[in-house]
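S.K.: With the sequences and hints as input, model every part of the structure.
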Amino acid sequence: MTQDESAQQAPGGTAGGDHPAITVRPGFRQAGTGTREKVFELRDLSVHYGDAPAVQEITMDVFRNDITALIGPSGCGKSTLIRCLNRMNDLIPSARVEGQVLYHGEDLYAPSVDPVQVRKLIGMVFQKPNPFPKSIYDNIAFGPRVLGMSGDMAVIVERALRRAALWDEVKDRLDANAYSVSGGQQQRLCIARCIAVEPDVILMDEPCSALDPISTGKIEDLMAELKEHYSIVIVTHNMQQAARVSDRTAFLMVELDSSEQHRWGRIIEYDVTERIFTNPSDQRTEDYVTGKVG
Amino acid sequence: MGAFEPRTARAEIAVAGARGVTAEVLSTQPRKEVIRNAVFAAILFLALALALAGLGLLIGKNVVDGHSRLNLDLITNNNSSDPLHAGLRNAIVGTLWIIAFVLLFLIPLGVGAAIFLEEYGSRGSRFTRMIDLNVQNLAGVPSIIYGLLGLEFVARAPLNLGYVVLAASLTLTLLVLPVVILASREAIRAVPDSIREGSMALGATKWQTIRRQVLPASIAGIATGVTLATSRAIGETAPLIPLGAATFLTFVPSGPGSEFTAMPVTIFNWVKQPQPEFQTLAAAGIVLLIALLVALNSFAIWLRNRYEQRW
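Chains as they are written, first to last, in the numbering used here: chain X, 1 to 294; chain P, 1001 to 1311.
Be aware that a few hints might be false.
Distance condition first, Cα-Cα at most 20 Å in a straight line; then the derived DMTMM-like pairs of lysine to aspartate or glutamate [unchecked claim]: (1) X:Lys120 x X:Glu228; (2) P:Lys1206 x X:Asp138; (3) P:Lys1206 x X:Asp114; (4) X:Lys128 x P:Glu1197; (5) X:Lys38 x X:Asp51; (6) X:Lys120 x P:Glu1197; (7) X:Lys128 x P:Asp1193; (8) X:Lys38 x X:Glu228; (9) X:Lys292 x X:Asp247.
With the C-beta cut set under 8 Å, the calculated list includes, among others, these residues of chain X facing chain P [claimed, not checked]: (10) Lys120; (11) Phe126; (12) Lys128; (13) Trp167.
Using C-beta positions, here's what the derived DEER-type ranges look like [to be verified]: (14) P:Asp1132 x X:Ser112: 32 to 38 Å; (15) P:Phe1040 x X:Glu260: 48 to 54 Å; (16) P:Arg1129 x X:Glu98: 27 to 33 Å.
Derived by calculation from the structure, the hints in this document are not laboratory data.
It should be emphasised that the depicted structure is a prediction, and the values quoted were computed from it without experimental measurement.
Built from N, CA and C at the ideal position, the CB exists for glycine as well.
M.R.: Rendered as structure tokens:
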């Protein structure tokens, strides 16, 4: 991978002189984007719930094996945006999606595309851990079973749990109810469940916001391992987390229309993470990451 | 930590005053409040006691009246015009046949309707609200109306089944269907959407999600609803009368196409007979019927407590 000039820069660069440093983890440097494979290409994506717009004119590219973070204040449509990527917004009757979402060049919203097939390739982990009311084993095995995956189920389950860094903690009690483990373990269980169906992309909608700092740290470490096999898009309201884990960051903000009736989200800046946090191009980005606003 | 001891006379007075106020406020309740609380509790207890007393009196009186006939003969003998040898056997078999077919129709219809309304209906649409309203209305219709409905459309044309078990089953199914639909809907609605989303996000279809996540999670509530509906159906008398259950049967109903009688109807017939021996029999029959219903309802409650999913 060729390194561009932002490589090897010392961690701890700050944006704005006397504000606390936001450390950017070294090693997450990007190659030039020209030769990298694109997983998603969003072109002028807009989502409305009924009459009310939620996000407008989103244009960005998500790259393979990247961790792409979506940050921004509450209500700027980050969750709406990420749910477009696996067609979960289809489950909301009033949601209307315009624009294009290309997944490896294919239009995800083409009439011939089956959303169920989409979700087999693009998985999702939710904000509040949502294990099924079944045993740990059956939680992981559910996806492979309904998808008709062949192979030894015990092997599939073990591999998923190992990849989610949960195997050692639960290997002796796979029959226990999924609710009997801690919140952090439940979330890793949900990640394992997502991995078990062998997706291409993992979407994470604020996966750590309901967890304690130690569990959060474990999951952030996990993400660094996971990006070797998967492409990850993560929504986080925690800027420092975005700075810690992601390769690229998109900063969204709320806009109001002239009559102040509607508000929606728009991308202000999307760049390599280190630049967003140390040398952003837009003043609004700098204000947000230095804590001056929202 | 020792108590604060005032050093000066002035401080002593101040502290005594402060402490006095505190102690009084903490230790005493205004007498009015105490009395009001006690009276309210007593009234509530009285209401409960009255209800239980009524039930107790009913059961007690029938036990006293019918105890001489509360023996195995009650169950092993068929009905007969001779009160000394009459029993409930054919009525029990009739009830069993009827309930068997009620369950056969009730479970798919009731659970299916609930699934449709909860999972496939758009919540709040006019169609769904209209169905909601009608289901709840149906739950309040007097049972004799269902009997007349069954007479006119099931026993007679267009279904023309005649005065047989199957006609009774269909009629009773309609009667208790709203109970099952309501209970099943509650159980399905209680399953959080996060479970459905988690399942769909893995690439499961809607039906796979319903069959493998929603239904297993709501099965306890559904089973409880079905048990309570069954218990209601067993006790229904009025709708069965227009369907021919009141005939004085002495043979055992043999199947869905057979003429029949049922427990409550037979007991009702006995009550109408002049001989006092039949009155004793009726009392014994009532005790048996109530025991059966109590057992069924207790089972429903046990089911719910044991298997209920707490979210």
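S.K.: Evaluate each hint against the coordinates.
M.R.: To see whether the hints hold, each was checked on the structure:
As the CA atoms of X:Lys120 and X:Glu228 are separated by approximately 19 Å, the hinted pair is consistent with the 20 Å bound. The straight-line distance between the Cα atoms of P:Lys1206 and X:Asp138 is roughly 19 Å, inside the 20 Å bound, and the hint therefore holds. With a C-alpha separation of about 12 Å, the suggested pairing of P:Lys1206 with X:Asp114 holds against the 20 Å cut-off. Our distance criterion of 20 Å between C-alpha atoms is met by X:Lys128 and P:Glu1197, whose separation comes to about 12 Å.
Our distance criterion of 20 Å between C-alpha atoms is broken by X:Lys38 and X:Asp51, whose separation comes to about 32 Å. Proximity of X:Lys120 to P:Glu1197 is assessed by CA-CA distance (about 13 Å); at most 20 Å being required, the pair is judged to hold. With a CA separation close to 12 Å, the supplied pair X:Lys128 and P:Asp1193 stays within the 20 Å bound. Annotation: proposed proximity of X:Lys38 to X:Glu228 holds, straight-line Cα distance about 15 Å (limit 20 Å).
A hinted pair counts as satisfied when its Cα atoms are at most 20 Å apart, and X:Lys292 with X:Asp247 does not qualify at roughly 24 Å. Nearest Cβ of chain P to the Cβ of X:Lys120: about 3 Å, under the 8 Å cut. The hint holds. Using the Cβ-Cβ criterion of 8 Å, the hint placing X:Phe126 at the interface with chain P is satisfied: the shortest such distance is roughly 7 Å. Among the interface hints, the one on X:Lys128 holds; its C-beta lies about 7 Å from the nearest C-beta in chain P, closer than the 8 Å criterion.
Taken as an interface hint, X:Trp167 does not check out: its beta carbon lies about 20 Å from the nearest beta carbon of chain P, beyond 8 Å. Our hint of 32 to 38 Å for P:Asp1132 and X:Ser112 holds, since their Cβ atoms are close to 37 Å apart. Here the CB-CB span from P:Phe1040 to X:Glu260 is close to 52 Å, well matched to the stated 48 to 54 Å. For P:Arg1129 and X:Glu98, the Cβ-Cβ distance of about 31 Å falls inside the hinted range of 27 to 33 Å, so the restraint holds.
Comparing the model with each earlier hint shows violations of hints 5, 9, 13; every other hint is respected.
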